[in-house]
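Kindly produce the complete structure, drawing on both the sequences and the hints.
So you can see what is in the structure, the chains are spelled out below.
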Amino acid sequence: MPATYEKIATTTLGSAAASITFSSISSAYTDLRLVLVAQSTTGGSAIANARLTYNSDTATNYSRTSITGDGSSALSNQGTNQAFIGLAQANLSSAQPTLLTYDIFSYAGSTFKTTLITTSQDYNGSGVVERLVGLYRSTTAISTIKIESTLNTYAIGTIATLYGILKA
Amino acid sequence: MLNTVLGTLSSGVAASTSSYESIASATGTGSSGTITFSSIPQTYASLQLRWQALSTPAYVLLNVNGAVPNYLHYLYGSGSAVGANGAANFGYLIVNEETSTTYPYVGITDFIDYASTTKNKTIRNFSGKDSNSSSSEIMLSSYLINSTTAITSISVIAVTQNWATTTQVSLYGIKGA
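Protein chains in written order, with our numbering: chain C, 1 to 168; chain W, 169 to 345.
Don't take each hint at face value.
Simulated pairs of lysine to aspartate or glutamate, EDC-like, Cα-Cα distance not exceeding 20 Å [said to hold, decoys possible]:
| hint | chain 1 | residue 1 | chain 2 | residue 2 |
| --- | --- | --- | --- | --- |
| 1 | W | K343 | C | E6 |
| 2 | C | K167 | W | D278 |
| 3 | C | K167 | W | E189 |
| 4 | C | K7 | W | E266 |
Computed spacing ranges between beta-carbons, pair by pair [stated by the list, open to error]:
| hint | chain 1 | residue 1 | chain 2 | residue 2 | range |
| --- | --- | --- | --- | --- | --- |
| 5 | C | T118 | W | S284 | 22 to 32 Å |
| 6 | W | K343 | C | A28 | 42 to 52 Å |
| 7 | C | D70 | W | A235 | 31 to 41 Å |
| 8 | C | A168 | W | N253 | 33 to 43 Å |
Calculated from the model, a selection of chain W residues having no Cβ within reach of chain C, i.e. all distances over 12 Å [as the list claims (entries may be wrong)]:
| hint | residue |
| --- | --- |
| 9 | S246 |
| 10 | A256 |
| 11 | T285 |
| 12 | K287 |
| 13 | S338 |
| 14 | A345 |
Quick caveat, the hints were computed from the structure, so don't treat them as lab data. Just so you know, these numbers come straight off a predicted model, no measurement behind them. Glycine included, C-beta positions come from ideal geometry on N, C-alpha and C.
Laid out in structure tokens, this is it:
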């Protein structure tokens, strides 16, 4: 019997890598929570820096709606029929860590899968706070989660931890 | 485990091994639009509600101790615009979009210091729905209950509709030190 809030797996990069994957995820929990503390090797673009996909599915089954503040303005935008769930405006830095959380609801259920995402970063003069809701239009249980940078790599010391949350 | 408390009390009695506990959960029945958690234990520092809502289009209403919160302030994004507003006696967890039977509306709602009998109560909520279309919303909101009465009952209501059987609402308790 899994605990209510249990660590499933942790990855700490000992060398730069373009992606982090959790696979063979148990379906024993109600929700999943992924916590990512990431730095990029060279910085880059928001859309390329943290592409989230499930079950190795790269078809255009994803979409997301976001709200973002960058220190001077707020905006909301949307991406439909995407091949991944990407960030809207938050660029990972090589100098400072960015905190990202992913709450994946009813990941083993029979509905489409909705994820709440937070991105928090401050670069002492720039930075972004971002909140997103992402949709994965599949009724298949999620058993693999991949976070990928298509522009560069995640730096040594980047940490990703996956938790399982169980209902009563 | 994230929430494992290591160590023992000075008396030698083992400390609790978990600081994030599941109190209760409920799924939609298809014949009722109200999910209520009552007789909530008063032994935690705060509560967290995690919910996935599906129904024929409906607004989602939060009731605490049988009433809507006294005040609400929120920030939302529609995918094309941002907005902020506030209202009195307004307890909606969704302000512009309605639920769907296909696209889950999800949220995490925290009830801070809910068992206090000397403080008013503050609630915060982070929720959203994406439907691969303009009928999407992401929302951050806070609520004030202008009462020092401890929270013992929480309801999540699909206004004038019934919760689909795929609706899932779970209540967790977070312990203090």
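Hint check results:
{"no.": "1", "hint": "W:K343 - C:E6", "result": "16 Å, holds"}
{"no.": "2", "hint": "C:K167 - W:D278", "result": "16 Å, holds"}
{"no.": "3", "hint": "C:K167 - W:E189", "result": "9 Å, holds"}
{"no.": "4", "hint": "C:K7 - W:E266", "result": "34 Å, violated"}
{"no.": "5", "hint": "C:T118 - W:S284: 22 to 32 Å", "result": "27 Å, holds"}
{"no.": "6", "hint": "W:K343 - C:A28: 42 to 52 Å", "result": "23 Å, violated"}
{"no.": "7", "hint": "C:D70 - W:A235: 31 to 41 Å", "result": "38 Å, holds"}
{"no.": "8", "hint": "C:A168 - W:N253: 33 to 43 Å", "result": "35 Å, holds"}
{"no.": "9", "hint": "S246", "result": "6 Å, violated"}
{"no.": "10", "hint": "A256", "result": "24 Å, holds"}
{"no.": "11", "hint": "T285", "result": "26 Å, holds"}
{"no.": "12", "hint": "K287", "result": "26 Å, holds"}
{"no.": "13", "hint": "S338", "result": "4 Å, violated"}
{"no.": "14", "hint": "A345", "result": "17 Å, holds"}
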